[in-house]
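Spelled out, the chains give:
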Amino acid sequence: MHKFVAIVGSNSDDSTNRKLLQFMKRHFAAQAEIDLVEIKDLPMFNKPENRQVPAAATAIAEKIDQADGVIISTPEYDHSAPAVLMNALEWLSFHIHPFVDKPVMIIGASYGSLGTSRAQAHLRQILDSPELRARIMPSSEFLLGHSLQAFDDEGNLVDQQKLAKLTGLFTDFQTFVDITKELNHANEVNRKEVQNVNWDKL
Amino acid sequence: MKLVGIAGSVADKSYNRLLLKFIANHFSDTVDVEILDIQDVPMFNQSDDQTDSESVQYLSNKIKQADGVIIATPEHNHTITASLKSVIEWLSYKIHPLSGKPVMIVGASYYDQGSSRAQLNLRQILESPGVDAIVMPGNEFLLGEVKDAFDDQHNLKDARTVGFLKETLDKFVKFVKVINTMNGPAADDGWKSEDLESHGKVETTIEGVDMHAADWVEKASAKTHAASGDDYVELDRGVLTVNQLNYFLNSMPMELTYADANNQFIYYNHNADAKDMLASRTPAQAGNPMADCHPKRAIPHVQQVIHMLRTGKTDLFKLPVPGNGPDKYVMHYYQAMHDAKGEYKGINELVLDIMPIVKYYLSHTGQVLAKNPNAKTDAVSGASAKAATPKPDSVSGASADVAPEAPDEVSGASADPEPVTPAQPEVDSVSGASGNDN
Ligand SMILES: Cc1cc2nc3c(=O)[nH]c(=O)nc-3n(C[C@H](O)[C@H](O)[C@H](O)COP(=O)(O)O)c2cc1C
Ligand SMILES: Cc1cc2nc3c(=O)[nH]c(=O)nc-3n(C[C@H](O)[C@H](O)[C@H](O)COP(=O)(O)O)c2cc1C
Chain E
1 MHKFVAIVGS NSDDSTNRKL LQFMKRHFAA QAEIDLVEIK DLPMFNKPEN RQVPAAATAI
61 AEKIDQADGV IISTPEYDHS APAVLMNALE WLSFHIHPFV DKPVMIIGAS YGSLGTSRAQ
121 AHLRQILDSP ELRARIMPSS EFLLGHSLQA FDDEGNLVDQ QKLAKLTGLF TDFQTFVDIT
181 KELNHANEVN RKEVQNVNWD KL
Chain P
203 MKLVGIAGSV ADKSYNRLLL KFIANHFSDT VDVEILDIQD VPMFNQSDDQ TDSESVQYLS
263 NKIKQADGVI IATPEHNHTI TASLKSVIEW LSYKIHPLSG KPVMIVGASY YDQGSSRAQL
323 NLRQILESPG VDAIVMPGNE FLLGEVKDAF DDQHNLKDAR TVGFLKETLD KFVKFVKVIN
383 TMNGPAADDG WKSEDLESHG KVETTIEGVD MHAADWVEKA SAKTHAASGD DYVELDRGVL
443 TVNQLNYFLN SMPMELTYAD ANNQFIYYNH NADAKDMLAS RTPAQAGNPM ADCHPKRAIP
503 HVQQVIHMLR TGKTDLFKLP VPGNGPDKYV MHYYQAMHDA KGEYKGINEL VLDIMPIVKY
563 YLSHTGQVLA KNPNAKTDAV SGASAKAATP KPDSVSGASA DVAPEAPDEV SGASADPEPV
623 TPAQPEVDSV SGASGNDN
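Here the protein sequences line up with chains E and P, keeping their order. First residue of the first sequence: 1, per the working numbering; consecutive thereafter. First residue of the second sequence: 203, per the working numbering; consecutive thereafter.
Bound conformation, chain E alone (with noise of 0.2 Å):
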């Protein structure tokens, strides 16, 4: 059964994000380990000269990097993603590499119809930065609009339709994981490659 992390991209307390990651994480119990991820109490990201990475992201590191893949749910701040998630993954991304050629989708809720469309193509961008360097699922985005309605009192979705499209998703998700673990004939250069990314050398 695949392991995957999920990251809950809101530090809000009653995040919409978070009850559509942990409504997955019961919904598709039958198919795979769900484990949800807070980013919520990382430090802001200041780039410290002794290179310390706060304990709470090496820990994140680490879940990740024995995940298969990762799920992240944005909320849609601003036409952008959140401060919260983005500094997630400075963090993420600061002498440690946890995403290099990790399987990711990405998923999002926001209160509005047009439910993170734009997050979710800023979050691409960052996850394709050469040291993120993430494998997101191509061609696919699961958008929950009107995130404050979208829940019943047991915390299911209640559109069937959007049911189907997330289950739909989610299988194609397990596949291209199993895909992606062929597709790794560049891993190690990539690996190399990431961590010749010195910024500081540049």
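Please note that the accuracy of each hint is not assured.
Think about it this way: if two alpha-carbon atoms lie no more than 30 Å apart in a straight line, the pair counts; the simulated DSSO-like pairs of lysine-lysine are [stated by the list, open to error]:
no. : chain 1 : residue 1 : chain 2 : residue 2
1   : E       : K40       : P       : K530
2   : E       : K47       : P       : K264
3   : E       : K47       : P       : K215
4   : E       : K47       : P       : K223
5   : E       : K162      : E       : K3
6   : E       : K47       : P       : K359
7   : P       : K379      : P       : K394
8   : E       : K40       : P       : K296
9   : P       : K296      : E       : K192
10  : E       : K47       : P       : K349
11  : E       : K40       : P       : K215
12  : E       : K40       : P       : K543
13  : P       : K543      : E       : K47
14  : E       : K192      : P       : K215
Quick caveat, the hints were computed from the structure, so don't treat them as lab data.
Mind docking chain P with the ligands on chain E? Use the hints.
Here is chain P with the ligands on its own, set in the frame of chain E:
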């Protein structure tokens, strides 16, 4: 023109901060750039609203008062830093100080592509509806390979880069004027709302005591059980008794006046009789609304100056005031005061004869004053005219009335080493609380 600069970094060292400092110093003739710190701004969190915190309010107030904003962005993972994004989120959640603000984006990065992706992202973010800033199109100032860009003095080495930066900044100055004109009548007559009768109140206003009373100080002290004599007062930074505070303030070689945000004259350092002061005050005046301290004809000018300071069009209005004979060169400085959140708390008026300082400097450096044959009178008054800012900025309509005639003419006269020309009524009237001493 008043701009604020924000560097998108909370690292101890930041080339983007260095770039902003360079802009502020190198182009100080063109623009007045105040660099704002984002170090203390917490991570944005919808469930822990810090909109009212000092650090967020400070940024918001500074931005609202500025004519435009320059943001210098690093690039992390092909986007802007979380620390900068967090600031923007606070400024787009419950408050929207960037709405309608002209913004110029610059960026420095270690790489030769120099923050191009971060700049593009930032543009998108700033133009989203919650932020609603107006980003200058066109010129993209990218400073790549930034580690080699500055010399030991923190100046940009490459003359062409400086040239392009200047071009970009000049364009931004025009852009700011256009946008701020487009944003509507720059409330040209906002100054009329300045109530010199002090009918309003601020949180420190002492109610129930007649402001006009000659013994306002005694009554107000009794009413508030004010500390006095040997009572200790905690200050930033130290502890003094009230007596010590008085020794200290009364021994200042200048005249200090405090007018609060309600335009009430609540304090002066009483170290001389009215007749011996450069700008006379009497003990009975303390507590008066500012209207009481000025002749009627001076009121509109005083209102305009106060309004410029309150709205941040300028933080310091300075003005030479003649009428004290040829041996004195009396300056009036009106400095806006703010709390840690950047909220206006009144005016610190400082009146000082600078001739002793000038004479001291000359005698100790073996120099003499000489007339500059090339100086137009205007050029001489440059210093004061610039501080007043009004002329070059089409935006600061209110102040435009005050400055050009007043300070220019006076300082023109004083540029002359020979006896100073007699006082000009218009000028005195501008000089705030001191207007009535002629
Ligand atoms: C500062 C701020 C900016 C926002 N900007 C957007 C936006 O650009 N687009 C959008 O769809 N929702 C926007 N929202 C509302 C978000 O949809 C909502 O807060 C978030 O996505 C819900 O995620 P969560 O429930 O997991 O915290 C914004 C919210 C905040 C606080
Ligand atoms: C986590 C991390 C990611 C970075 N990613 C990029 C990048 O994608 N592109 C780039 O040009 N520089 C990148 N850099 C280096 C930046 O050029 C540099 O940190 C910054 O822009 C310089 O500005 P500053 O001195 O004001 O921080 C990265 C640095 C760190 C620490």
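Hints, one by one, checked against the model:
1. E/K40 with P/K530: Given pair E/K40, P/K530 is violated - Cα atoms ~62 Å apart, limit 30 Å.
2. E/K47 with P/K264: Given that 30 Å is the threshold and the Cα spacing comes to 27 Å, the pair holds.
3. E/K47 with P/K215: Since the Cα atoms of E/K47 and P/K215 sit roughly 9 Å apart, the hinted pair holds (cutoff 30 Å).
4. E/K47 with P/K223: Cα-Cα ~20 Å, so holds.
5. E/K162 with E/K3: Cα-Cα ~23 Å, so holds.
6. E/K47 with P/K359: 26 Å, holds
7. P/K379 with P/K394: 23 Å, holds
8. E/K40 with P/K296: 21 Å, holds
9. P/K296 with E/K192: Roughly 45 Å between the alpha carbons, so the hint for P/K296 and E/K192 is violated.
10. E/K47 with P/K349: It holds: about 16 Å lies between the C-alpha atoms, which stays within 30 Å.
11. E/K40 with P/K215: 25 Å, holds
12. E/K40 with P/K543: 26 Å, holds
13. P/K543 with E/K47: The hint holds at about 27 Å.
14. E/K192 with P/K215: 28 Å, holds
Comparing the model with each numbered hint stated earlier shows that hints 1, 9 do not hold.
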